[in-house]
Amino acid sequence: MATAAKNMDATEALIAAYVAPATEGKWARDARLRALTTLRENGVPVRRDEYWKFTNPARLLEPVKPATILETSEASMFDDIDKLLVVFEDGVLLTDLSDDLTLEGVEIETLASAMSKDIHWVGDIYGALEANGQNPVSRPMAALNTAVATEGLVIRVTGQVTKPIALRYMRSGADTDVMVHTVIKLEEGADLTLLESGPAAARLNSSLEVEVADSAAFHHVRAQGRDHERLAATHMFARLGKESRFKSFTLTVNGALTRNEAVIEFTGDNAFATVSGASAGDGAYHHDDTVFITHDAMNCESRQVFKKVLRNGATGVFQGKILVPAHAQKTDGYQIAQGLLLDDDCTFLAKPELEIYADDVICSHGSTCGAVDETALFYLTSRGVPKSEAQDMLVLAFMDESIQEIEDEVLANAIRNRLGGWMERHRG
Amino acid sequence: MLNIKNLKASLEDEDKQILKGIDLNIGAGEVHAIMGPNGSGKSTLSYVLSGKGGYVVDDGSATLDDVDLLDMEPEDRAAAGLFLAFQYPVEIPGVGNMTFLRTALNSQRKARGEEELNAAEFLKLVRAEAKSLKIDADMLKRPVNVGFSGGEKKRNEILQMAMLAPKMCILDETDSGLDVDAMKLVSEGVNSMRDGKRSFLVITHYQRLLDHIQPDVVHIMADGKIIKSGGPELALEVENNGYADLLNEVA
Numbered sequence: 001m002a003t004a005a006k007n008m009d010a011t012e013a014l015i016a017a018y019v020a021p022a023t024e025g026k027w028a029r030d031a032r033l034r035a036l037t038t039l040r041e042n043g044v045p046v047r048r049d050e051y052w053k054f055t056n057p058a059r060l061l062e063p064v065k066p067a068t069i070l071e072t073s074e075a076s077m078f079d080d081i082d083k084l085l086v087v088f089e090d091g092v093l094l095t096d097l098s099d100d101l102t103l104e105g106v107e108i109e110t111l112a113s114a115m116s117k118d119i120h121w122v123g124d125i126y127g128a129l130e131a132n133g134q135n136p137v138s139r140p141m142a143a144l145n146t147a148v149a150t151e152g153l154v155i156r157v158t159g160q161v162t163k164p165i166a167l168r169y170m171r172s173g174a175d176t177d178v179m180v181h182t183v184i185k186l187e188e189g190a191d192l193t194l195l196e197s198g199p200a201a202a203r204l205n206s207s208l209e210v211e212v213a214d215s216a217a218f219h220h221v222r223a224q225g226r227d228h229e230r231l232a233a234t235h236m237f238a239r240l241g242k243e244s245r246f247k248s249f250t251l252t253v254n255g256a257l258t259r260n261e262a263v264i265e266f267t268g269d270n271a272f273a274t275v276s277g278a279s280a281g282d283g284a285y286h287h288d289d290t291v292f293i294t295h296d297a298m299n300c301e302s303r304q305v306f307k308k309v310l311r312n313g314a315t316g317v318f319q320g321k322i323l324v325p326a327h328a329q330k331t332d333g334y335q336i337a338q339g340l341l342l343d344d345d346c347t348f349l350a351k352p353e354l355e356i357y358a359d360d361v362i363c364s365h366g367s368t369c370g371a372v373d374e375t376a377l378f379y380l381t382s383r384g385v386p387k388s389e390a391q392d393m394l395v396l397a398f399m400d401e402s403i404q405e406i407e408d409e410v411l412a413n414a415i416r417n418r419l420g421g422w423m424e425r426h427r428g
Numbered sequence: 001m002l003n004i005k006n007l008k009a010s011l012e013d014e015d016k017q018i019l020k021g022i023d024l025n026i027g028a029g030e031v032h033a034i035m036g037p038n039g040s041g042k043s044t045l046s047y048v049l050s051g052k053g054g055y056v057v058d059d060g061s062a063t064l065d066d067v068d069l070l071d072m073e074p075e076d077r078a079a080a081g082l083f084l085a086f087q088y089p090v091e092i093p094g095v096g097n098m099t100f101l102r103t104a105l106n107s108q109r110k111a112r113g114e115e116e117l118n119a120a121e122f123l124k125l126v127r128a129e130a131k132s133l134k135i136d137a138d139m140l141k142r143p144v145n146v147g148f149s150g151g152e153k154k155r156n157e158i159l160q161m162a163m164l165a166p167k168m169c170i171l172d173e174t175d176s177g178l179d180v181d182a183m184k185l186v187s188e189g190v191n192s193m194r195d196g197k198r199s200f201l202v203i204t205h206y207q208r209l210l211d212h213i214q215p216d217v218v219h220i221m222a223d224g225k226i227i228k229s230g231g232p233e234l235a236l237e238v239e240n241n242g243y244a245d246l247l248n249e250v251a
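Heads up: the sequence lines are chains A and B, in that order. With the first letter of the first sequence counted as 1, position 387 gets the number 387 in the numbering used here; the numbers rise by one all the way through. With the first letter of the second sequence counted as 1, position 235 gets the number 235 in the numbering used here; the numbers rise by one all the way through.
This is chain B alone, in the form it adopts within the complex (with noise of 0.2 Å):
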């Protein structure tokens, strides 16, 4: 599924390497969670690999299902089968939440071959979706995250990645700005996705996220580097001590 090697990108504006060699192996139907300190280069792995401004990718490779994404462009990568929850999902003033989802649905579609779908069909869609998410019909008229809590924003990330249904599904710091009951229902929408084949990368700073979308595979990231994989119980393990013995073991 996805496969990134040696992977090493700077910001443009600064000569500032942020991830400096990457190797990560998803397969289908897995779920890898990344964990490490502030400034690790988490979220930075996450805009690489989706196609943000801004970086430039120094060495290394990024495929999914062997097509190169690092060479496409963002919609060319969503197309393909990816797809990245935002850690700050955007508010788009004038834009209908609507209107953006069956313009992003139908876009992907349409770059895929895929017949696109009617008024009626999407609606149809839309509206199961967002039943399963506890999204109103008022959330759906108002313009893209624009007025929306901070659990809205998350709740409408889930429901752009349910309608999209990608391959391949990048979480960054879902969990982040949600109370306990949105987390929940977040999650759910996350296991509801998981159905053997679809693969995700969950980047988190806490294990309690985990507890609802348990992992196949933990890393630990540090310094633009993974410095540690293991099982969940790495995961129990960076909650209790933190990451300083994990830091000193590598060192």
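The following block holds chain A by itself, in its conformation from the complex (with noise of 0.2 Å):
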């Protein structure tokens, strides 16, 4: 390829920056050496390749600059759930604040501890899907996740578990370069619950593999850190077995550059996916949601909703791909991305992408981009509703479609509480 040729220095300096992790289990040396062939190969992302036109991925290679303003004091999400709590500090587990590792119908260890066992399922997923998900587009910063992350969490799922478990990310450092990497599988007829939330770093690179097996479930609920100066380049790949069901939210409010891949293969029949967001910025923000969703498998559902509310500069960016191939017959695709532009400042792009071999089946995109309702704001403020008021109602109500995609209410109000008090604190 000849992107590895014209990437190789910054490749090998970006490769050199990372320190190689000590010596491990077989099956985890295997992985970290495929995803540094992988990455060698494709070469770092540059904003002329078709995948990062939207996006400049410079901020995501050079060396991480020292935030201006250290935010830690962000007030953290889902308190009054019932959960497994895991809190992480600067990418690393901090015993003494998470719950123990314990929970029925769950194994879970550190990924460090893991890495070191020779531990059969794991080896079958971690850097595997990533690996899966080079194709047909690169996504370098997940190899680069794969070949040196050393902390994170490697989870199997047995049975229905009673309470979610809760990824806590808290920052303590100005300029902290964080790799995080959780490996998921939920073994036939499993059920879970992830929860993430926090300012993770200066800049966070995360992967999140999930497999989800036969009549398994997975709902996946994110909050990122809402501190303003991060960076963050995130991967979620999910394979999914027949009649399983695979929910993942994630809302974003502030940050000055995110880029949130998610990359959903169906391998089963009669399964069903949804990925979701919503995103606020006001500011110095670039928000990317890049999806991308194969049918490998017959009468599959998947949907993918995304909002985002952009003023003052704010960038929202949506690449989205359905991909179905000839024999995922019955395949039923949605596919909608809205920006609403409170100001005339902000951008909003979006590629809603539709490849369709197979000859029975309904897709649809759609994406729009507007201005705040004229006529409703009227309707609301002759009923005396202020202004403000009435704007963050109409704001709040766009967003909700995307947050009716959570299954659960009691989540789905704890993002609708964040998201509107984040509308309040940036009134026009």
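There could be a bad hint or two in this list.
[To be verified] Calculated Cβ distances over 12 Å to all of chain A for the following chain B residues:
1. N118
2. K141
3. K184
4. K197
5. G231
[Unchecked claim] With a cut-off of at most 30 Å between alpha-carbon atoms, the simulated DSSO-like pairs for lysine-lysine come out as follows:
6. B:K20 with B:K225
7. A:K387 with B:K167
8. A:K387 with B:K52
9. B:K167 with B:K153
10. B:K153 with B:K134
11. A:K387 with B:K8
12. A:K387 with B:K153
13. B:K197 with B:K5
14. B:K184 with B:K197
15. B:K184 with B:K131
16. A:K247 with B:K141
17. A:K387 with B:K16
18. B:K141 with A:K387
19. B:K5 with B:K16
20. B:K197 with B:K8
21. B:K52 with B:K225
22. B:K124 with A:K387
23. A:K247 with A:K351
24. B:K197 with B:K124
25. B:K8 with B:K167
26. A:K351 with A:K53
27. B:K5 with A:K387
28. A:K387 with B:K110
Rather than coming from a laboratory, the hints here were simulated on the basis of the structure. Glycine included, each C-beta is placed from N, C-alpha and C at the ideal position.
Using the hints, build the complex out of the two chains.
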């Protein structure tokens, strides 16, 4: 590939910047070697790559600049929810702030500990789903993560879990550069909710690989750190068995640069997946949702629902693709990305794509971009609702279509509250 | 109550005057009706009074109990006691009808320095009002006007009016899109609010509504002006002869 030569120096510089992990088990070494090879073959992303057309990857690759204002006091999320709490500070698991890693129906281990052992099932997922997601588009930041990450969790779910596992990220350093990698396997019929929240680092590279076996269900609700200057490149890879369910939602408010990639593959028939997100930015804010869903099975339904509210020069990006091979008949694919621009100074860029080879499918995609509906605003104010509050109501209503993708109403309301708080603090 | 003097207003985007000098005085407890051919400026009058964007007031004044309406934001006009029942109530997906009503009511109370209603007090009030308008719990729970039939939307307007208990109610073609039964229901809702103090301005095309909501004064509006005022018999005259005779009379 031509990119290999052109980015070689930058790629080697990036690899050299991260300490190679200590000796680990064979599967771990194999996975890391494979990832390094991938990274070297494809090179680091550059602006002229089609896949990075709307988001400049430069800041994800440069040495981290220390935060000018270090925001460490972010109010925690999901406080009122009974959960198994796992706390990471600057990307390192803190045992004294975390709950015991024991929960009925689940086996949990730290990634570091799993790496030194020969755990057969982890080897089948760690770096494997990521490797699978490198085609047809390369994802170098994910390959880098596989090659060097040592922090994270390894979770195997064997049954119905009574409470969510909540990963809470905390940040103490101004120039922290953090990699986390979590691997989850849901065995047949198992059910797990994973929560993620908090400011992780000045720059976060996170990778989540999830194998959802037949008839299993995975729910994921994430509220990314709302520290303003942070950078994040996250990947989520999922492989879905027959009749499985997968639901992932991400709230992003603030952050200088966020690129969230989701790569979902249906491998069994009659499964369901939704990837959704609400994103709100004011000022120096660039948010990118990049989704790739492959329907490699029959009669599966996928949904992508993304809403972005932007003001003061903020930028929102959506790149979403549904790939339906010839054998994936009865596929139902839905994709919507909508931007709400609160002034003339912000940008919303959307690239919805469908690539369909089967002939008996329902696929729809749409993207809209507009301002607050003046008629609705007048209706609300004519009833006595102050304009700023009326605008908040309309913005929250607009965003709610994505939040409704969250199944659990308590979790959905936690997201609504956080977004509502953001709206109040960022009134025109 | 409502005093309008020589009110002239234009569309902001076009150099076109719609209201060309409206004079209208509605006393406390009175019901006035405005009739007039399409394009005469009836709806524009209701929008200018309630503060919709897109219009420029060229001249004149409008006061509600001596308070200048035209300088205020729409929400302040509402808090001052003005209410417009929309000809086309707006659908607002994602905003629950109850949330909307409670926010509106409490915003107005707050603006007037009154205590806000708590959830229980509000619920009690809304249930009683909804019942008399035959609005079921499901309609209250749904997003504002989304999926409502024409009749349901108009009943929802009257519910809002009943909850907000304004001094001055403007009903803009509330009869449009209503069947006979719905019109009766809506009219009963309006009539139950007539208490000798509250005033109404009823904009309509048809005399039929005025059989149910009997006006004290009927005005005929044409080309941005009130060309004739009279008693309820004026509405019957329009019903029987159309506007042509009246327009000729003035011309």
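Could you tell me which of the numbered hints above are not met by this structure, giving the numbers in increasing order? none
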